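Asks: Since the structure of chain A is provided, determine the placement of chain B on it from the hints.
Protein chains: 2
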Amino acid sequence: MKLGSLKNGRDGRLIVVSDDLAWFADAGHIVPTLQGALDEWERVEPLLKNLHTDLEHGAIPRMRFHERDAAAPLPRAYQWADGSAYVNHVALVRQARGAELPESFWHDPLMYQGGSDGFLGPRDPIPLRDEAWGCDLEAEVVVVTGDVPLGATREQALDAVRLVGLTNDVSLRNLIPGELAKGFGFFQSKPASAFSPVFVTPDALGERWQDGKLHGCLEVELNGQPFGRADAGEDMTFDFGTLIAHAAKTRALGAGTIIGSGTVSNRDTDGGPGKPVADGGLGYSCIAEVRMVETIQGGTAVTPFLRGGDRVAITMHDERHHPIFGTIEQEVVAG
Amino acid sequence: MKLGSLKNGRDGRLIVVSDDLAWFADAGHIVPTLQGALDEWERVEPLLKNLHTDLEHGAIPRMRFHERDAAAPLPRAYQWADGSAYVNHVALVRQARGAELPESFWHDPLMYQGGSDGFLGPRDPIPLRDEAWGCDLEAEVVVVTGDVPLGATREQALDAVRLVGLTNDVSLRNLIPGELAKGFGFFQSKPASAFSPVFVTPDALGERWQDGKLHGCLEVELNGQPFGRADAGEDMTFDFGTLIAHAAKTRALGAGTIIGSGTVSNRDTDGGPGKPVADGGLGYSCIAEVRMVETIQGGTAVTPFLRGGDRVAITMHDERHHPIFGTIEQEVVAG
Numbered sequence: 001m002k003l004g005s006l007k008n009g010r011d012g013r014l015i016v017v018s019d020d021l022a023w024f025a026d027a028g029h030i031v032p033t034l035q036g037a038l039d040e041w042e043r044v045e046p047l048l049k050n051l052h053t054d055l056e057h058g059a060i061p062r063m064r065f066h067e068r069d070a071a072a073p074l075p076r077a078y079q080w081a082d083g084s085a086y087v088n089h090v091a092l093v094r095q096a097r098g099a100e101l102p103e104s105f106w107h108d109p110l111m112y113q114g115g116s117d118g119f120l121g122p123r124d125p126i127p128l129r130d131e132a133w134g135c136d137l138e139a140e141v142v143v144v145t146g147d148v149p150l151g152a153t154r155e156q157a158l159d160a161v162r163l164v165g166l167t168n169d170v171s172l173r174n175l176i177p178g179e180l181a182k183g184f185g186f187f188q189s190k191p192a193s194a195f196s197p198v199f200v201t202p203d204a205l206g207e208r209w210q211d212g213k214l215h216g217c218l219e220v221e222l223n224g225q226p227f228g229r230a231d232a233g234e235d236m237t238f239d240f241g242t243l244i245a246h247a248a249k250t251r252a253l254g255a256g257t258i259i260g261s262g263t264v265s266n267r268d269t270d271g272g273p274g275k276p277v278a279d280g281g282l283g284y285s286c287i288a289e290v291r292m293v294e295t296i297q298g299g300t301a302v303t304p305f306l307r308g309g310d311r312v313a314i315t316m317h318d319e320r321h322h323p324i325f326g327t328i329e330q331e332v333v334a335g
Numbered sequence: 001m002k003l004g005s006l007k008n009g010r011d012g013r014l015i016v017v018s019d020d021l022a023w024f025a026d027a028g029h030i031v032p033t034l035q036g037a038l039d040e041w042e043r044v045e046p047l048l049k050n051l052h053t054d055l056e057h058g059a060i061p062r063m064r065f066h067e068r069d070a071a072a073p074l075p076r077a078y079q080w081a082d083g084s085a086y087v088n089h090v091a092l093v094r095q096a097r098g099a100e101l102p103e104s105f106w107h108d109p110l111m112y113q114g115g116s117d118g119f120l121g122p123r124d125p126i127p128l129r130d131e132a133w134g135c136d137l138e139a140e141v142v143v144v145t146g147d148v149p150l151g152a153t154r155e156q157a158l159d160a161v162r163l164v165g166l167t168n169d170v171s172l173r174n175l176i177p178g179e180l181a182k183g184f185g186f187f188q189s190k191p192a193s194a195f196s197p198v199f200v201t202p203d204a205l206g207e208r209w210q211d212g213k214l215h216g217c218l219e220v221e222l223n224g225q226p227f228g229r230a231d232a233g234e235d236m237t238f239d240f241g242t243l244i245a246h247a248a249k250t251r252a253l254g255a256g257t258i259i260g261s262g263t264v265s266n267r268d269t270d271g272g273p274g275k276p277v278a279d280g281g282l283g284y285s286c287i288a289e290v291r292m293v294e295t296i297q298g299g300t301a302v303t304p305f306l307r308g309g310d311r312v313a314i315t316m317h318d319e320r321h322h323p324i325f326g327t328i329e330q331e332v333v334a335g
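In order, the protein sequence lines correspond to chains A and B.
Take the first sequence: its position 150, counted from the start at 1, is 150 in the UniProt record's numbering, and no numbers get skipped.
Take the second sequence: its position 132, counted from the start at 1, is 132 in the UniProt record's numbering, and no numbers get skipped.
Isolated chain A, as found in the complex:
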């Protein structure tokens, strides 16, 4: 089942979307918002699934789904906690910052608390007040949980996964070193993230959802050119069950908690820094990584961070080359 929110007020209007993303049916008679659905999932999920079946069978009135009308599936949320599960990415970014990677990073998940009071829709521009802040995209996988009890095991955590989706976790790279030096983590360096047009239940992902990971090529385009083709199921050191259990170690997590994978990143087959897609490599899911590789190879980062007018697209296709979650397509608007 695929769920989305049409732009409407602060919390959107819940819709069920057809598997091919061509049609939707309003779910407002069941529950008005996705947060509302997550709040009483046990009661609401079977009703939404029936609606989805009717939609697929053409048994109810349906309307054309346009991704441009979609808000983030959760236009605001009570929690957004982002891991760094692809330790390869963390190692490269740290190297780029001249910071060391502690050995513990390979067995103790890194996670930060993100701002969740307002997210961008999949076609919303990225507002950037100052290009000198070094705006970057970060293509990631996310899951949305139900209630997770304090001290949940990995298995309990995986049972609580309700939905899977994609995000562009916008980062202001040039603000990060200063903030991290202060010791309290990211704040100003993490403006609003954008989410895919729809989130999908794990059962509808088939073999792509395995071992607490989403498997498939995460396609990232920068200004219309292929930029990233990493597989989200590869090199993910910590699966979502482990990430959620990490978050729930000292406190329960409320329904509607969004947990992020961190920037997807694959090791290069030859063990060296990743090659660009144009050179037959898997490319990058953020600009910081290609800048790192450029620095290693030529002494200087060449690819600039995002500037006004730059365009980013993030998607993942199924076997029939249909986007699973729809496509995040954003333009940076500076000033």
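No distinction is drawn between identical chains; accordingly, a pair holds when it is met within one copy or between any pair of copies.
With a Cα cut of at most 35 Å, we get these calculated DSBU-like pairs of lysine-lysine: (1) K7 x K213; (2) K7 x K49; (3) K213 x K275; (4) K213 x K49; (5) K49 x K249; (6) K182 x K249.
Hints listed in this document are in silico derivations from the structure and should not be mistaken for laboratory results.
For clarity, every value in this text was computed on a predicted model and none was experimentally measured.
Replies: Structure of chain B alone, referenced to chain A:
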């Protein structure tokens, strides 16, 4: 005007509370929840104020207000961002951790993104899975904002302050050094915070709300003994306008954002480390601070962190010795 939420489902039930905290009137016919009120404050505030006036005049049916029935005024929120505005506290805690205080901390506010998916009510126990985590209280002032535009000035930020209250920002001290060393800030070390029974509009605070600060003695009791008597209006290096503007530098803030002051802390009059209340000092708003002072004076911290059965109370009284925000009274439940 004083607002609170009775325990009811995930978001509570909005009530207007009399100035003496003895009575309440249900506000459900205006708007069911406090978040709902904040979402459309311009429309709702005059209606709630009328209800408050009627309640004060005994012009409507009223019911006894019991603080034990109260949830946190916002039982969950879309954002909880906690500053460290009392740099005296930061300096002492850093000293206790053996970490240096950068000079920039005196002019660049420190702020972390906290978890906001579930808060404790003013009488809820503090759940503690492991006493070895070093559970501490932190008595703070908070404000709740309306919508704050991206890049808001301090003045715009102050205009957006809707409500003022108190919090116990529970911290797990022994988890902090490890988390901060990882560089991503607090996560497991910050379980759910508790909030005062009511939040109060700035206009109802009179001269106590001045220059973006709450003025008055923040009374903290530990196991029934006076523990802290610091004045929240003193030694606050960054006022709430500055804290909010800091948070809004790179992103807009959604209505219902809670901004915390950080642990309230006053310098001792003689310039040395603060004295306990029993010795005529202003005491402490967290245990870490007294442990720091003990270490300086005797080489070893003596006061233990919170253990099962320990009781914490946080309040602030007005001129007639009535609690302004009600009282946070919590017992630690270990295991």
